[in-house]
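A.B. asks: The listed protein sequences correspond, in order, to chains A and B. Going by numbering that gives the first Met the number 0, the first sequence opens with residue 0, and the numbers climb by one from there. Going by numbering that gives the first Met the number 0, the second sequence opens with residue 0, and the numbers climb by one from there.
Errors might be hidden in some of the hints.
[As the list claims (entries may be wrong)] Chain B is nowhere near these chain A residues, computed Cβ spacing over 12 Å in every case:
(1) 83
(2) 86
(3) 118
(4) 279
(5) 329
(6) 339
(7) 355
(8) 375
[Unchecked claim] Simulated coverage check for chain A against chain B, where a stretch passes if three residues somewhere in it have a Cβ under 8 Å from a Cβ of chain B:
(9) 124-135
(10) 147-157
(11) 200-208
[Said to hold, decoys possible] Here are the simulated lysine-lysine pairs, DSS-like style, with alpha carbons at most 30 Å apart:
(12) 547/B x 358/A
(13) 40/B x 81/B
(14) 554/B x 305/A
(15) 266/B x 201/A
Derived from the structure by calculation, the hints contain no laboratory data. Note that the Cβ used here is the ideal one computed from N, Cα and C, for glycine as well.
For reference, the chains in residue letters:
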Amino acid sequence: MKSLILAAGRGKNLFPLTETRPKPMIPLCGKPILDYIIEGLIETGNRDIIMVVGHQSEKIRNYYKNGEELGVSIQYIEKKEHKGIGNAILSTEDKFVPGEHFFLVYADILFESNIFSDTLATYNSKLAPVASITLTPKIHPYYGNVSIDQSIGITKIVNQLEEAQGGSYVLAGVFIFDYTLFKTLKESGRSMHKSFGPLVEKERLFGSIFEHEWIDLGYPWNVLDANRLKMKSFKKANIDGTVQMEGNCSVIGPAVIEKNVTLSSGSVIKGPCYIGEGTYIGNNVLVRPNTSIGANCIIGYGVELKNCVLFDSVKVGRLSCVADSVVGENVDLGTGIITVNHTQEDEIINLKINDKIIKSGLTKLGSFIGDQAKVGARNTLAPGTIISARQTIPHNIS
Amino acid sequence: MCGIAGIVGLTNITDQLFRCVKNLEYRGYDSCGMALITDNKIIIKKNIGTVDKVNKLEHLTEQSSKIGLAHTRWATHGGVTKDNSHPHFGCDRTFAVVHNGIISNYQILKAKLIEAGHTFNSETDTEVIPHLLEETYKEEGSVERAIQKTFNQLEGTYAFAFITTHDPENIYCARIDSPLVLGIGSDRIFLASDTNSFIEYTQDIIILNNYEYAIISDDSYTIKDLRSGDRINRETQRISWTPGSTDKGGFPTYMLKEIHEQPVTVKTALNIEQKKIKKLASMINQQEKTYLVGVGTTYYVSLIAQYYFSKLAKKYIPAVASDEFEYLAEVNKKTLFLCSSQSGETYDTLKALRFAKDGGALSASIVNVAGSSISRETDFTIMQGSGPEICVLSTKTALAQITILLRIVIELGKLNGSISPSQYKKYQQHLGEIPDVTQWVLDHRMGVIREIANSCFHIKNWLFLGRGIYMATAMEAALKMKEVTYLHAEGMAGGFMKHGTISLIDKDTYTLVLVPPEKEKELFKATMNNVEEVKARNGFVVGLHYGKEQSIFDKEIIFNEVPPLIAPIQELIAGQLFAYYTAISLGRNIDKPRSLAKSVTVA
């Protein structure tokens, strides 16, 4: 079965992380999200990939090339203008033949266990188009927009999440369609959303219930959820033989520490956590659970890191504290930086993304810092701070 | 739901055909049969019972043939009898048909065919297909024209397959909505309702789409459009990954599948003929004393019904657990023994039934599996028609039994004058709302129930509280919890708690409270007092209730206002889902929990 992966979107709400990369290239525990999707497809025997790319597509092309290294074949379709999912799918029509069934995968999802094998199982049982569905993720509201009947047929997919209307489930971004999808799309104004009506009413679309944890990367804080989800699979510590540990370091719990990492004396590493290749951890550093540090980072003396994701080549100056935050590639955080992660009244933290105020629903949230930004010494960042890529914040010196 | 399998091969196929139909048994198992061609004659072997049982009776695997069809049935139209089993012949035995699905216009077609001189041997909708094929073949002289012409007359959703002496080398099959798939082997071709049937023999498959038919021989297949007759080219696809199990109809577990089937099983229960309900109501009315009997879930079903009987029909009818029946019950000619059983083979209930009959009691039952011991041995049986229930835990069959019992209660109330004609009308209306209310819980409350289960699954001790009928509902919800999560959950009446059990309450013992709608003032107030009592002892309370969010609950599942009559049903479903998602969080074996079996047929 061929797999059509949609990876062209701009991911505007993931600003500033998508300013400098396509959304599926956001790294988690040393690999882009897209790697986890391709691995899942390989596990179910699907190695023939057609990928629609657009926003900063060269970053995907340069990383995966023709897919040979991963043992898959990748054909790219370039979509420079962004005109919706329906158009992106239609641009691949000539890669398929009538009667053929194929996987359709949105490239901004992350899942525990293999969502593709579950979808295939339902498909093999129903022998008809299938959409993977899942109960809404943890955050309120607890209802979705997809309803199913007793034979797992989808009865409706509503546009807006309104309680009176909706169903318990949401679409999980993995489908198995047949060639008639192209026809349905054309008849529905080339819109995926408008196609759901005829797909559900005329053609019969079945749901495949995915019961494991699932995350859709819509907003910056979802990167932290996704990171936690990946770390759930860490069962024991895994420290590479080349890691240099000075005396008096301790590693507690399932920490994954890659090649040529240096742990200086006094550092305490508490798993689950991940430390990428070549990273230097200074004296008396405390790495708390659910922290992912990219490759070639430098973490200065006395730094505390908790529930955060640091991309590659990040510098964190001495006596800093980074918590509930995501820090982009080549970011330079000066001495004594603190990302404050809650208000004193424990209010829900709002973020300003593309001039819109967005409620995170969370009471603990730090900062989101774009690639190559520089934050000068002694800055204290308010909860929900967003710093654009390449922005410089001067030292805070009296 | 039924299962279809077929094979055309170069050598004998009966052993493989038996395996193929056995693999479909989860789709139904009340009767089974095979049609084979030897010496240009079709022979049909069929009987009632499971696939293995029919094989013993009819020696299916001892036959020899290179072409054949098989079927495993779950009755929809017509009872479970040998005549109603598939395959079906027409009049001149030239066509043998197996079918899955429903022919919705079969009565009209049947009448026409009878008028044309055809004789029918069964009560099934299926039998019109071979007669129609026979008729159209006579007109057209071509099997393919016959299949197209037959299709033009059939309405409904179905898949069927047939063999015919007019073309003894090929199997013909067609699909409208019910699934059909071909499997391409090296010297044989398979067809089945799903790939589960033949996956051990071949992984190369071809899916038949709606409005297509196929003609298959031992080495080739042709697919055509039913409407136009145009040939369709389709390559085989290899199932690259071997499915663990595709037999749950696409659901991750049978339990979730059966929970989702409840709106339909309730509808079926509501469509059971009124005269059967009346008959049972009048039996209760005539007899001096009635016992509601069941064990495990069916005991709680009886207990729920006990409250309905008292409240609506003003008659106290005790629920007695089957296993304790003979130590408690007073049995004579004026007694009615009324039991519920999914399998109809429950040992304890059968034993109680025999005890009651020995004492001269009249007996009646509500049973899901046709032809079972309880259905045969009771004087009167209502078949609940809930379809196969595979998960060890009863969900849909329990709800169907409750619905049927509630119908009987309302009928009895009308009969003995405790329900006025206007109330009767109102209650009938409320009954009709059960399927939608059930669907509403599934469509709107699964997310929050899952969230609560996710955050509480580490708790090892639970108290499930309710008062009145909600006590019985709490007991059933607690049983579900115990069965599937292996956690300790105790169902109890709210008033009973403070006479002892309340000493258990601490921060590690959680309480789930089934609160009635506020309209039931006394019951509501008393239940809320229990909530206060638990909270005062630092207990954690999950509230199932109506109306607005309330800070007294630590977690809450809020329902829409529904008539008090059906409110317990709404809470029962929430209880099923809570047990389910707690078990998911704990990684339990949902469909086959440790130490449990589907029907307990031993002492």
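A.B. asks: Which constraints among the numbered hints does this structure fail? Numbers only, ascending.
C.D. replies: 3
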